[in-house]
Each structure stands twice: as structure tokens, then as C-alpha cells.
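Let the hints inform the model, and build the full structure from the sequences given.
Protein chains: 2
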Amino acid sequence: MARGGTRSADDWVDAAYERFDAGGLGAVKVEAVARDLGTTKGSFYWHFADRPALVRAVTVRWEARETDRFIARAERPGGSPQERLARLFSEVAERNRVRDGEAALYREAEAEGVADIVRRVSERRVAYLAELIGALGIEVGEARRRAVASLAMVLGMQQLAHVRYEAHVDEAALTATALAMATSGVVAS
Amino acid sequence: MARGGTRSADDWVDAAYERFDAGGLGAVKVEAVARDLGTTKGSFYWHFADRPALVRAVTVRWEARETDRFIARAERPGGSPQERLARLFSEVAERNRVRDGEAALYREAEAEGVADIVRRVSERRVAYLAELIGALGIEVGEARRRAVASLAMVLGMQQLAHVRYEAHVDEAALTATALAMATSGVVAS
DNA sequence: ACCTGAACACCGTTCAAGT
DNA sequence: ACCTGAACACCGTTCAAGT
Numbered sequence: 002m003a004r005g006g007t008r009s010a011d012d013w014v015d016a017a018y019e020r021f022d023a024g025g026l027g028a029v030k031v032e033a034v035a036r037d038l039g040t041t042k043g044s045f046y047w048h049f050a051d052r053p054a055l056v057r058a059v060t061v062r063w064e065a066r067e068t069d070r071f072i073a074r075a076e077r078p079g080g081s082p083q084e085r086l087a088r089l090f091s092e093v094a095e096r097n098r099v100r101d102g103e104a105a106l107y108r109e110a111e112a113e114g115v116a117d118i119v120r121r122v123s124e125r126r127v128a129y130l131a132e133l134i135g136a137l138g139i140e141v142g143e144a145r146r147r148a149v150a151s152l153a154m155v156l157g158m159q160q161l162a163h164v165r166y167e168a169h170v171d172e173a174a175l176t177a178t179a180l181a182m183a184t185s186g187v188v189a190s
Numbered sequence: 002m003a004r005g006g007t008r009s010a011d012d013w014v015d016a017a018y019e020r021f022d023a024g025g026l027g028a029v030k031v032e033a034v035a036r037d038l039g040t041t042k043g044s045f046y047w048h049f050a051d052r053p054a055l056v057r058a059v060t061v062r063w064e065a066r067e068t069d070r071f072i073a074r075a076e077r078p079g080g081s082p083q084e085r086l087a088r089l090f091s092e093v094a095e096r097n098r099v100r101d102g103e104a105a106l107y108r109e110a111e112a113e114g115v116a117d118i119v120r121r122v123s124e125r126r127v128a129y130l131a132e133l134i135g136a137l138g139i140e141v142g143e144a145r146r147r148a149v150a151s152l153a154m155v156l157g158m159q160q161l162a163h164v165r166y167e168a169h170v171d172e173a174a175l176t177a178t179a180l181a182m183a184t185s186g187v188v189a190s
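As you go down the protein sequences, you meet chains A and B in turn. Quick note on the numbering used here: the first sequence kicks off at 2 and runs consecutively. Quick note on the numbering used here: the second sequence kicks off at 2 and runs consecutively.
Keep in mind that the hints were calculated from the coordinates and are not lab data. Certain hints may be false.
Copies of one chain are not kept apart here, so a pair can be met inside one copy or by any two copies together.
Result set (SDA-like, lysine to any residue): computed pairs, CA atoms no more than 20 Å apart in a straight line [stated by the list, open to error]:
#1 Lys30 x His48
#2 Lys30 x Arg8
#3 Lys30 x Ala173
#4 Lys30 x Gly138
#5 Lys30 x Ala10
#6 Lys30 x Ser9
#7 Lys30 x Val61
#8 Lys30 x Glu111
#9 Lys42 x Ala87
#10 Lys42 x Glu132
#11 Lys42 x Asp117
#12 Lys30 x Ala112
#13 Lys30 x Arg120
#14 Lys42 x Gly6
#15 Lys42 x Glu143
#16 Lys42 x Glu19
#17 Lys30 x Gly79
#18 Lys42 x Ala58
#19 Lys42 x Ala174
#20 Lys42 x Gly79
#21 Lys30 x Ala50
#22 Lys30 x Thr68
#23 Lys30 x Tyr46
#24 Lys42 x Arg88
Encoded structure:
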């Protein structure tokens, strides 16, 4: 909102979200956001109980957007389950390259008190993956195990990327590996 | 060291390491460690340039211990490569349950400026895994790809555990999955 | 050579006082 | 109803002064 005017809680979340996008939840600082908004941090406490409340609002917004993207992906027509899985993994691999706020989320979730939200998103991802794998004719329990294992591998690759461990495994190999885990099923029951 | 006496840099690292063990690198706070040692934080700056130097010393110590454990494992006689791999993965799965300082390391490494050390440890883990897989008669490039993929999956499961996402996949299943990835080779090249 | 104590910066939080 | 400004706590950092 314009300097000098009055602000809503939403304006605070907008400004905080920009900082989150750039630097993760750790960059969501009351004083800094107040500066961005051209107001004082004292005014922040009119709208929110404390910093954790703001961090939580930002994460909830991230969850909503993540869900939208999920639905958009699922709704998009075209293709066998295999093709959809391939599309999904290749999008994930591509986003892996960008070190944005989301990339930091799993790392920061616990310290910032939003582990529950990240857990919820994880469950959605697993459910969606399991659904696609199930569409290949795989039994439901096995489909879930494969979904968890391939999600875990993708998250692990993200972590290795965080410490800049390249491991000579590129985007294409990551995509192929995740797809192979999902479709050819290496997961023991 | 006893209160009132004089302290060495090592004493500071000892005390800081205890805090790391309990709460990760984030718990390594100059003021708190000074309190533990019964001295003032001002005195800290005689021994160290700043907090990052202390954090780095703690991580270097962690690396040394991690290496020791690695060597101990590798040297331990007995068993085919398969048996050693199984032992390795089951130990990792077991440690996954404990939420200690190490569990937080990958998350915090970048923010704390010790990504290089964690990267080095990752490379050792991959090299060791690749060596065992290579002993199964697998070609060297393929062995490395399998090593990276199985390490990534284990790290990813750790992350999911951090947000307490259980996913109905237990320790035994994790072990079996990692082993299957390493030995039966789902990784596309 | 090693430490204390006071000072400052930065950020989260509270609150009396203003509009 | 919403905000300012000052205050305090906590922690990292510096430094003059002490032993």
C-alpha cells in the first residue's frame, strides 16, 4: 500500500511474501517488511500477534499457490499417466535449479513452526503421484510406496543442490530416475 | 574448563559441540556458550574472529567424526558388498529416527556458511557407496549414479521425517528400498 | 595472554500516547 | 481503528581497561 495510507493484514502478507520469494522464511523480518511498507514495526502488531503469525500466513499462501499449480497440472489434458509423470518430474527438476524461497522451505519449516503445512503439501504430492502410478495398474499400497520413494529422492537431490553438490547427475538423469522409480518399481514392500 | 580458569579455543568448541548435538548449528550461540563456560561473550572474541568461525569449527569436528565412523564401518570385516550395503543403509535408517544436530545439518548448512564441508562429506558418502556397488560388478559411471540416487532418497526421507510426515513407510522399507536402488539399478543413464 | 564490562547495532515485542 | 516512538530483551560485535 502507499506510504502514509493505512494498511491491511493482506498488505503485510504481500510484502512479506516478496521477501520469502527472494530469501526464504528467514528473510521475513518484521522490521524489514515495515521498511518496505514505509511504516513502523510497531504498527505490525496491530495486525498480527507476532512474527510467527506472519510467517505462517506466508506459508499458508505458498500452500494455496502450490495447490493451484498441482490442480492446473492434473487438469491439463493430454497424455497417459506415464506422460503426466514425466511432465511432473521434469517440471520439478527444472524448479530445482532455481534457488528460491520454496527451495528453502523444507530446511526452515521446523525452525519456523510451519512443519504442519509442509507436511500437508507433502501428503498432497504423494497422493497425486500415487494416483498417477495407480493408473498404471499398480496396486494401491505399492503405488504409495513408490510415490514416497520418488518424492524423497527428488527432495534429497534438492538438498544436495543446496550444498552445491553436483554429483555429475544432471536434470535429465534426475527426471529419468524418478520416472523409473515410479513406473518400474524398485520399492520393496 | 572450570569456571574462573583460563579457556582454550578447544574448550569453546567442546561446549559449542554439545549445543550443536542438542539443537543444531542454530543453537550455537556465543552468549549461551559463554554462559555454559562461566565466562563472558567478550572473552570469546579473543579466541575466535566471530560466530561463523565457531560454527565452522564445530562442523569441521562433525566432519572428522563422520569420517571416523565411515572408516570404522568400511574396515569392519565380514560380508559381501550386498551385506555391507544392507548394514550401511540400516544404520542410516536407524539414525534417521534420532532428531539430533546432524539431522539439522543439511537444512542449516547454507545459512551457516558450512555448505562446503557438508558437500565434502556427501562426496565421501557417494564415493563409498559407489565403491561397494562397483564391487557388485557394476560399471563405474552407473555405480556412481546409483550411489547418488540412493543417497538422495535417504536424505529426502530425512527431510520428510523433519516435517514429521510418516508416509506409512517404516525403517525396514526404507532400508529395503535404498538397497534395491543400489543393487538392482533403476537409475537411467 | 586472557578476560571483564560497557557500548552499539539489529531485531522481536510491548505499550502509552497520538490521530 | 490504526499508527508512532520510545522502551526493553536478546544476541553478535568492538574495544578500552583491567589482571
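- Item | Same-copy or cross-copy closeness of Lys42 to Ala87 [CA-CA at most 20 Å] | Neither: 46 Å inside a copy, 54 Å across copies.
- Message: Regarding Lys30 and Arg120, is the shortest C-alpha distance of 20 Å or less found within a copy, between copies, in both, or in neither?
- Response: neither (24 Å within a copy, 29 Å between copies)
- Item | Copy assignment of Lys30 with Ala173, given that the CA separation must stay at most 20 Å | neither (37 Å within a copy, 42 Å between copies)
- Intra/inter-copy verdict for Lys42 and Glu143 if alpha-carbon distance must be at most 20 Å: Answer is neither: 51 Å inside a copy and 55 Å across each miss the 20 Å cutoff.
- Item | Intra- versus inter-copy proximity for Ala58 and Lys42 (alpha-carbon distance at most 20 Å) | Intra 17 Å, inter 36 Å, cutoff 20 Å: intra-copy only.
- Message: One pair to classify: Lys42 and Glu19, alpha carbons no more than 20 Å apart. Within, between, both, or neither?
- Response: Answer is within; shortest intra-copy Cα gap is 17 Å, inter-copy 36 Å.
- Item | Intra- versus inter-subunit Cα pairing at 20 Å for Lys30 with Gly79 | neither (43 Å within a copy, 54 Å between copies)
- Item | Homo-oligomer pair classification [Ala112, Lys30; C-alpha up to 20 Å] | both (14 Å within a copy, 15 Å between copies)
- Query: Under a CA distance limit of 20 Å, which applies to Lys42 and Gly79: within one copy, between copies, both, or neither?
  - Reply: Classified as neither: same-chain Cα gap 50 Å, cross-chain 63 Å, threshold 20 Å.
- Task: Using 20 Å as the alpha carbon limit, work out where Lys30 and Ser9 are close: within a copy, between copies, both or neither.
- Result: within (17 Å within a copy, 36 Å between copies)
- Task: Go through the copies and call it for Lys30 and His48: within, between, both or neither, with a Cα cutoff of 20 Å.
- Result: This pair counts as within: shortest intra-copy Cα distance 15 Å, inter-copy 31 Å.
- Message: With identical chains, the pair Lys30 and Val61 could be close in the same copy or across copies; at 20 Å between alpha carbons, which is it: within, between, both, or neither?
- Response: within (17 Å within a copy, 30 Å between copies)
The structure fails hints 3, 4, 9, 10, 11, 13, 15, 17, 19, 20, 22 and 24 (numbered hints given earlier, in ascending order).
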